[in-house]
Amino acid sequence: MNLEEVQSSTNIAYVVICAAMVMLMTPGLAFFYGGMVRVKSALNMLMMSFVSLGIVSVLWVLYGFSLTFSETSTSPILGNLDFIGFQDITVDQGELLAFAVFQLMFAILTPALMSGALADRVKFTGWVLFVVLWVTVVYFPVAHWVWAVDQGWLFNQGVIDFAGGTAVHINAGAGGLAAALVVGKRIGFKKDPMRPHNLPMVLLGAGLLWFGWFGFNAGSALSPNGTAAMMALNTQLATGAAILGWLIYERLRHGAFTTLGAASGAIAGLVAITPSGANVNPMGAILIGVLAGAVCAWAVSLKYKLGFDDSLDVVGVHLVGGVLGTLLVGFLATEGAGLEQFGKQALGAASVMAYSFVVTYLIALLVERTIGFRASEDEEVAGLDLAYHAETGYDFSQTGSGSVPVSAVPGAAGAAVTGEKKVDA
Amino acid sequence: MNLEEVQSSTNIAYVVICAAMVMLMTPGLAFFYGGMVRVKSALNMLMMSFVSLGIVSVLWVLYGFSLTFSETSTSPILGNLDFIGFQDITVDQGELLAFAVFQLMFAILTPALMSGALADRVKFTGWVLFVVLWVTVVYFPVAHWVWAVDQGWLFNQGVIDFAGGTAVHINAGAGGLAAALVVGKRIGFKKDPMRPHNLPMVLLGAGLLWFGWFGFNAGSALSPNGTAAMMALNTQLATGAAILGWLIYERLRHGAFTTLGAASGAIAGLVAITPSGANVNPMGAILIGVLAGAVCAWAVSLKYKLGFDDSLDVVGVHLVGGVLGTLLVGFLATEGAGLEQFGKQALGAASVMAYSFVVTYLIALLVERTIGFRASEDEEVAGLDLAYHAETGYDFSQTGSGSVPVSAVPGAAGAAVTGEKKVDA
Amino acid sequence: MNLEEVQSSTNIAYVVICAAMVMLMTPGLAFFYGGMVRVKSALNMLMMSFVSLGIVSVLWVLYGFSLTFSETSTSPILGNLDFIGFQDITVDQGELLAFAVFQLMFAILTPALMSGALADRVKFTGWVLFVVLWVTVVYFPVAHWVWAVDQGWLFNQGVIDFAGGTAVHINAGAGGLAAALVVGKRIGFKKDPMRPHNLPMVLLGAGLLWFGWFGFNAGSALSPNGTAAMMALNTQLATGAAILGWLIYERLRHGAFTTLGAASGAIAGLVAITPSGANVNPMGAILIGVLAGAVCAWAVSLKYKLGFDDSLDVVGVHLVGGVLGTLLVGFLATEGAGLEQFGKQALGAASVMAYSFVVTYLIALLVERTIGFRASEDEEVAGLDLAYHAETGYDFSQTGSGSVPVSAVPGAAGAAVTGEKKVDA
Amino acid sequence: MKLITAVIKPHRLDEVKDALQAFGVHGLTVSEATGYGRQRGHTEVYRGAEYTVDLVPKVRVEILTEDDDAEQIIDVVVKAARTGKIGDGKVWSLPVETTVRVRTGERGPDAL
Amino acid sequence: MKLITAVIKPHRLDEVKDALQAFGVHGLTVSEATGYGRQRGHTEVYRGAEYTVDLVPKVRVEILTEDDDAEQIIDVVVKAARTGKIGDGKVWSLPVETTVRVRTGERGPDAL
Amino acid sequence: MKLITAVIKPHRLDEVKDALQAFGVHGLTVSEATGYGRQRGHTEVYRGAEYTVDLVPKVRVEILTEDDDAEQIIDVVVKAARTGKIGDGKVWSLPVETTVRVRTGERGPDAL
Ligand SMILES: Nc1ncnc2c1ncn2[C@@H]1O[C@H](COP(=O)(O)OP(=O)(O)O)[C@@H](O)[C@H]1O
Ligand SMILES: Nc1ncnc2c1ncn2[C@@H]1O[C@H](COP(=O)(O)OP(=O)(O)O)[C@@H](O)[C@H]1O
Ligand SMILES: Nc1ncnc2c1ncn2[C@@H]1O[C@H](COP(=O)(O)OP(=O)(O)O)[C@@H](O)[C@H]1O
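Residue numbers (numbering that gives the first Met the number 0), protein chains in the order written: chain F, 0 to 424; chain P, 0 to 424; chain U, 0 to 424; chain C, 0 to 111; chain B, 0 to 111; chain Y, 0 to 111.
Calculated directly from the structure, the hints in this document are not laboratory data.
To list a few chain P residues with every Cβ distance to chain C over 10 Å, as calculated:
| hint | residue |
| --- | --- |
| 1 | P75 |
| 2 | I88 |
| 3 | E94 |
| 4 | T135 |
| 5 | Q156 |
| 6 | L180 |
| 7 | K189 |
| 8 | Y248 |
| 9 | L301 |
| 10 | Y360 |
| 11 | R368 |
DSS-like mimics (lysine-lysine), calculated; alpha carbons at most 30 Å apart, straight line:
| hint | chain 1 | residue 1 | chain 2 | residue 2 |
| --- | --- | --- | --- | --- |
| 12 | U | K184 | B | K78 |
| 13 | Y | K84 | F | K184 |
| 14 | P | K184 | C | K84 |
| 15 | F | K304 | F | K190 |
| 16 | C | K78 | P | K184 |
| 17 | Y | K78 | F | K189 |
Ideal placement from N, C-alpha and C gives every residue a C-beta, glycine not left out.
In isolation and in its complexed conformation, chain F is listed as follows (with noise of 0.2 Å):
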């Protein structure tokens, strides 16, 4: 046992345990647009998130890994084949391990992210292929860009993305952005009232994403240092002011202090921070999240304005606050803040934004061809729960059983049974 070997020890175990915090922010999204939506689709909106966690996952073993951080790349662009399968990797490389299965939580959420976008009307299995062409043409270049050390384009120009602004924010913003447009606008849209079916499970999953933010965050250092400890903080803090700023906007805008507003608040704030890192310091956190926070607030209005159906606001929160807060990183970097900074910054974020925007537009428009992107109208407007998931997301009738009767059915590959369920038998 040597030196090296306990503090790769203490950063295995930073490590491992950061991506089961960051595992948790899927679940903690799905609740954050589970509880936005509509009670009819909410299960969906649930299930978007739950079967990102299936799919990236197979497909990071299979070839997402390994594009993503081949050691052994030299494309600017994308990674080899070298990590295909897990071959080689031992349990000898400990740190390698649990740096694999940290920026696999990154590639679950991101997809995961753009659901937001397209609530209540997509098919399930529309959005299924959807995520693997996603996760693959889109996610894991643009990972490489950003995060492959010496290698990705904009690793090397300098841009500086400590956890995820560009590759994680505002590629999810984009890529929301044109899903949306090629999906369409929810029956209804601007006409009916769509509001929250419980706003609770909003603020839980809010709760779920800030304490896994942590994971996302400080977790990103790698090893447990002074910037781990910053970028804790400044987590911490540009979350809490940005809180701040979203009430103070809305209050002055529409009257209320709103739940939704501070759980957006905190999101929004979460999105700004993540590029800087320990790049900027306490006062510069708080000055990213209250900026965050009202700006955001702002934005979430433009859809209304110019028309895109982008449900619950995966462009106003997390392009708008991705692009903000990969901008201000420009300006306030305790080191080397200025122009020049200014200018990388502009050039990740622009990059970043073109090319998700169109090929995810392309990829959208390839499953609307194909399978299928859009629901049907029948099923959207009895919702999507019973459509694709043949279920109900609570029942808290007085029978126990929905003061619904029921009885059994000819299943999809079962005799009918009438007066009682059909089961497996």
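With chain F fixed as given, assemble chains P, U, C, B and Y with the ligands onto it according to the hints.
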């Protein structure tokens, strides 16, 4: 300060935090199960888990830890009484203390797992007595067999059970089946619909379980090293793959991708990967996961075919998943895979299953014959929440008091105060 | 890299992750309290906690951390202004930064605890002002008294308060009582039923609090060592024992084992073990827990006997549990127990209680006399959610829009658009 | 036309529905209710405060029918809903003046 | 027999129940409703989208009674439910043709 | 006075409300219901157990009105609620004997 002390400090940090994560699994389980039952017994379902947190914590200090992990025992069957009351353990033994609190969480979770087999129909006092007897007579010995290094007979046989495929999941699965047989079926089993009252709560439980399971699985390395990192990765991969396995089976067989299926698949994958640790590689973990998802999705229908009321599928998920995972290691282990290891795995699975089934059956009978285990028909029909907990899970009514006029009554120990609530005055 | 640096890295990992866990306690508290109130003010209850996350984060950087923990202060009463704005703290001071973010979470949680005493009846703006004043005038000084090593007067007296029995729980309990007296009783107190609207949410809150409390208690060691491990174990034991203590009391006194009792018992146990740290042994922790459970179960009835409306029992649980835990250490400490230590403990408890009660009373009066603290009768009857947050917690209706036809109205700053929702356009 | 309303125990809904279907009634409307009468509620306890909750969960079933079938339908419902214990509920009928099927505008018996 | 229906403010339910009990009515059925009339709802705001929610929560109380008591019961309800502010609600009565107690099959006044 | 009850599809509630308002009806009471008739429910699947859920969500709208307006109001409701697909629901009217405005005690037409 020397190297060993710093490594020890790292280990303590790791194990203490993992212990907290495993603690959270029991509330997670409570939500996972609680969301699945009808509203009228939801609180009872939650309480069956929460009371285990109380009971087992106390028993652990009194004698549980000693019977399981006493360092000086020479018995292959049971520990001795050296650690009774933790009398001689001091703050100098940090790693031992961390291990004690970490393992305590496993002892809490395992009996709680069985509550799913007994949903909606057992007396709360009966359950309390059952948990006391069960951890004492079943869990502490079996955990000693499997995990007491160089002591337990299954450990000495070379059975691979990294984090609890046998001691936790097969144990709880077989015990749950036995108890369900003694207690009998819910009124209306196979006839009434008994749909989950809150599926988002089921997903919340699944999310918290998943998060905590990183502590459970990766934490079982006790020191953060390559094994821990590999286990963390494998945990994520098997779980993700199992979601896909379950959803695909369900879509083919029943025509829908259900939310309950996704949640159940995740748990099935977590269960099945538990025994392997870092003994399988990532592709092996994916294989274990996808098989666990599909097989368990099929196995939950056994209760209808065979006619036992394992209400929330403890058998279908924990017993079947646990056996599958335990056996598959025999073939998939990166070192020493083959028929011999398979034989050892089968021995471990079979002996735990047999012991747990028989002894649990007797314990359940004892409880039924003494203080009574099964609830009365009236209590069951009206719902256990009112019967044992004098509470109602939810009150979303406009009146804020349940549209229910309330007036005071003679309480257990108080005088009647007509027309208003009786308080402890 | 030297040994000290590696140990420092371990400490940072530990403290940063514990800080994240303590952060999660405030959302946990929000759910714990939020589930207990009537549905019409549930969001307001949640917001009272969430806004503390915003306010205190900002104040902490501005002056809070400096007033509490400035390293160069010579005052036994208050820190100095050396750390104002965190101006001179850099990433080289990793442990200090980690400590700062860790302690920030305590400063956020403590005022939030008081919100339970004020449920359903205070102006949101009044609460905001109250939190600002309270942390400044009460929390920062008191935390300095107790925790500023070699500076605070209670610290120098030798009062044992490992993780916050005095500074957090007695402080919040006494403050909550004072504020509740100023604000007055809820309309219908003692007459109307005010049953919890969502007990599973209460349990969710309790579960998250419990999880986070491992960070709170064990994390307070600041370095992972035997003390940390013992504290983690004791935390679990006292909490488990307190659940049993509360449930048994309740069963004997009121005839039922309630879910709310189990959740409340857990919190009572967590509160009571907080001051002891590793100063008691595991059997002592169990004793503290079981006493805390039973005594707090009795103490929550005081509000009906004495006629003050401490709505969610901040006094019964935090003040009584905090005093109990603080005093019991005097007798149960493994080193130096006895009358002398008991005297010190009593001094600590009494001085914090007296200071907090008096100063909080004045602050609450000030808020009431200036911008107003108590909500109007109409707002209270209709529910604070609509009055201050313009939201409804849940909408499970079939129409997906609350069976509530919705049409646009002139908003705070917009033009009327009849027949459809008004948006920010 | 008559409107028959039945306030019954929730767990008898299935039986009532089946019996009505067997009789030939092919439509009904159901809603949740609570009520009290001879049957009173239960006690709930929250942190030592004991409440009597008077109102017991019930289900309300409404059936529009032609005059001639009304008496028989009442009998069918009463029989299917009965458990013999207090709280079984009430059935009553009201005279209806007009009935319309929304989809077609048909009136009277054709609307059923 | 009459069926008296009252749509009232939720927080007056206790008073109405108590007043009816004092008067001698020992059974009633309650359900949740929303409504509007002179009293309109409130504004809600979700991420800057402002909604007017027109419908206000109400509670519906139904009482079956003999013809002779109907007028008095209406008065009792009206008095107990009144706050004097708009939105206090409406009470109306309908003629009932048959009433049956499910448990016993008793009809008419005996069914109450 | 008449009591007009409409059991309609939930997502037609807005249209019905708007149409009534346009017609001049300024009060109504709404509650949740489920029902079945020609339109049956859907299948749900939970861990391989398939259920047919017969009852379909509906909304019940009640309007008290003077006798003269009743027919027209029925027409307004029927028109606004119609989608032309099965399950559009039913509208019926009952004769009301007394109506009281709780706030003022006014009776009859003045109570509306
Ligand atoms: N006078 C009444 N008016 C309206 N509903 C009533 C009346 N009396 C009883 N009910 C309804 O019938 C239900 C059962 O009545 P109850 O007297 O408890 O039982 P039973 O009819 O078997 O004697 C009550 O819960 C209530 O919903
Ligand atoms: N014409 C009507 N038909 C049915 N219900 C009505 C009618 N008018 C009012 N209501 C019910 O009565 C409630 C109170 O009516 P409103 O006009 O607001 O107050 P008030 O009766 O005190 O003037 C409404 O919320 C609604 O539920
Ligand atoms: N006989 C009946 N009595 C009471 N309600 C009925 C009756 N028949 C139908 N309904 C109600 O009307 C709704 C629509 O009826 P349905 O037969 O499905 O459609 P449609 O009227 O368009 O043919 C049902 O869901 C139910 O709520």
